[in-house]
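There are 2 protein chains.
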Amino acid sequence: MTGRTGRRAGESGTSEAILEAARTQFAEHGYHGATIRAIAGKAGVDPALVHHFYGTKEALFAAAMQLPIVPSQVLGAALEVGRDGPALGEHIVRTALTLWESDELKATFLGLIKSAVTSESAAVMLREFLAESILGTIARVTRVSGSPAEVQYRAAMVASQMIGLAMARLVLKLPAIADASIDELARSIGPTLERYLSGEMDVPD
Amino acid sequence: MTGRTGRRAGESGTSEAILEAARTQFAEHGYHGATIRAIAGKAGVDPALVHHFYGTKEALFAAAMQLPIVPSQVLGAALEVGRDGPALGEHIVRTALTLWESDELKATFLGLIKSAVTSESAAVMLREFLAESILGTIARVTRVSGSPAEVQYRAAMVASQMIGLAMARLVLKLPAIADASIDELARSIGPTLERYLSGEMDVPD
Chain E
1 MTGRTGRRAG ESGTSEAILE AARTQFAEHG YHGATIRAIA GKAGVDPALV
51 HHFYGTKEAL FAAAMQLPIV PSQVLGAALE VGRDGPALGE HIVRTALTLW
101 ESDELKATFL GLIKSAVTSE SAAVMLREFL AESILGTIAR VTRVSGSPAE
151 VQYRAAMVAS QMIGLAMARL VLKLPAIADA SIDELARSIG PTLERYLSGE
201 MDVPD
Chain G
1 MTGRTGRRAG ESGTSEAILE AARTQFAEHG YHGATIRAIA GKAGVDPALV
51 HHFYGTKEAL FAAAMQLPIV PSQVLGAALE VGRDGPALGE HIVRTALTLW
101 ESDELKATFL GLIKSAVTSE SAAVMLREFL AESILGTIAR VTRVSGSPAE
151 VQYRAAMVAS QMIGLAMARL VLKLPAIADA SIDELARSIG PTLERYLSGE
201 MDVPD
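Protein chains in written order, with my numbering: chain E, 1 to 205; chain G, 1 to 205.
No wet-lab data here; the hints were simulated from the structure.
Mixed in with the good hints there might be a few duds.
Where chains are identical, the list cannot tell them apart; a pair therefore holds if satisfied intra-copy or between any two copies.
Straight line, CA to CA, 20 Å or less: simulated SDA-like cross-link-like pairs of lysine to any residue [stated by the list, open to error]:
| no. | residue 1 | residue 2 |
| --- | --- | --- |
| 1 | LYS114 | THR35 |
| 2 | LYS114 | LEU170 |
| 3 | LYS106 | GLU120 |
| 4 | LYS173 | VAL45 |
| 5 | LYS173 | GLY136 |
Computed from a prediction, not measured in an experiment: that's the story for all the values here.
Let the hints inform the model, and build the full structure from the sequences given.
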């Protein structure tokens with residue numbers, strides 16, 4: 001392999017070069033700081049080609065991280081289904097647990113948690129990705145209202161409970177939580193999320 | 001160093017040998033499976049001496065993990081103070097955040113999370129330690145009632161929110177949560193913990 005001078009000329013070589021450049025840029029500049037333009041520059045292609053291949057920065061991030069889905073799309077679509085139902089909180093818990101525990105996502109999801117805990121740059125990347133993509137999707141679909149700061153705070157509260165649920169169930173495997181069914185957890189945790197999204201709550205200025 | 005045949009005869013050599021044996025036994029057998037008897041055997045001392053030096057298995061665990069405190073003692077004492085007050089949930093959040101963010105504990109606490117996420121045996125150890133020591137303390141001091149399974153489930157729900165708060169604030173540093181004050185977080189999350197401890201909730205059989 002050492003004699004090779006670079007990627008092949010074909011499309012898969014180009015897309016591999018883009019993904020490689022994306023991984024480097026996301027790691028060095030975080031999710032927020034990485035730009036399609038810089039990634040294209042690093043890969044030696046036109047930014048339009050990156051847009052053509054991947055569409056959005058998030059979709060490129062998902063491909064670079066080998067996520068089998070674009071999280072905000074799948075989450076958004078799943079949340080849409082139940083957002084007008086009587087138990088939005090339960091619906092969020094059920095949606096998240098079903099996604100995490102799917103065969104395609106479980107290993108990747110655990111890998112993301114692991115890298116965020118062990119690497120500062122991965123933590124930055126995941127934080128910005130959560131803040132821009134996931135929390136934004138939750139806020140938009142569930143129609144949290146308030147100032148931008150309030151919306152971020154409420155969505156972050158939801159995230160804190162859901163991240164803890166993932167840690168307790170998938171990483172630590174606390175028996176009481178690991179042995180519970182998705183429905184049981186949804187009933188227990190749903191009301192918490194509803195209060196965080198729209199209940200009475202003091203929100204920092 | 002390689003020519004040495006073992007610990008010195010003095011007390012500090014003996015206590016170092018006990019801690020070394022404890023670290024090995026906790027790692028190999030988990031918190032639950034490790035026994036004072038086996039640790040003493042490994043260290044070549046009488047079990048009574050281990051009890052004399054460390055008192056309880058938890059205190060030995062804390063010393064072996066270089067925790068500057070015995071968690072259930074400090075948590076228990078702090079919770080006692082506020083358990084009859086009007087806002088037990090807020091009190092738990094305030095107590096935990098103040099402990100975690102103290103200069104003595106922060107690095108150790110982050111180290112425990114990191115090791116649990118990256119090592120299966122550390123995860124087992126931490127899970128059993130949480131279940132036996134921390135959740136038990138929460139349940140006892142806050143007087144959660146119900147069957148043993150219900151008490152474990154309610155305490156584990158509290159843990160899921162608190163672990164997620166730690167991840168969001170200390171590891172991922174989500175801005176909305178990292179920038180909030182301890183008091184603000186206590187007011188937001190307190191009611192969640194109260195519902196988990198004593199509110200109406202379906203509990204798995």
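**OP:** Please name the hints from earlier in the document that this structure breaks, with their numbers sorted from lowest to highest.
**Re:** 1 and 4
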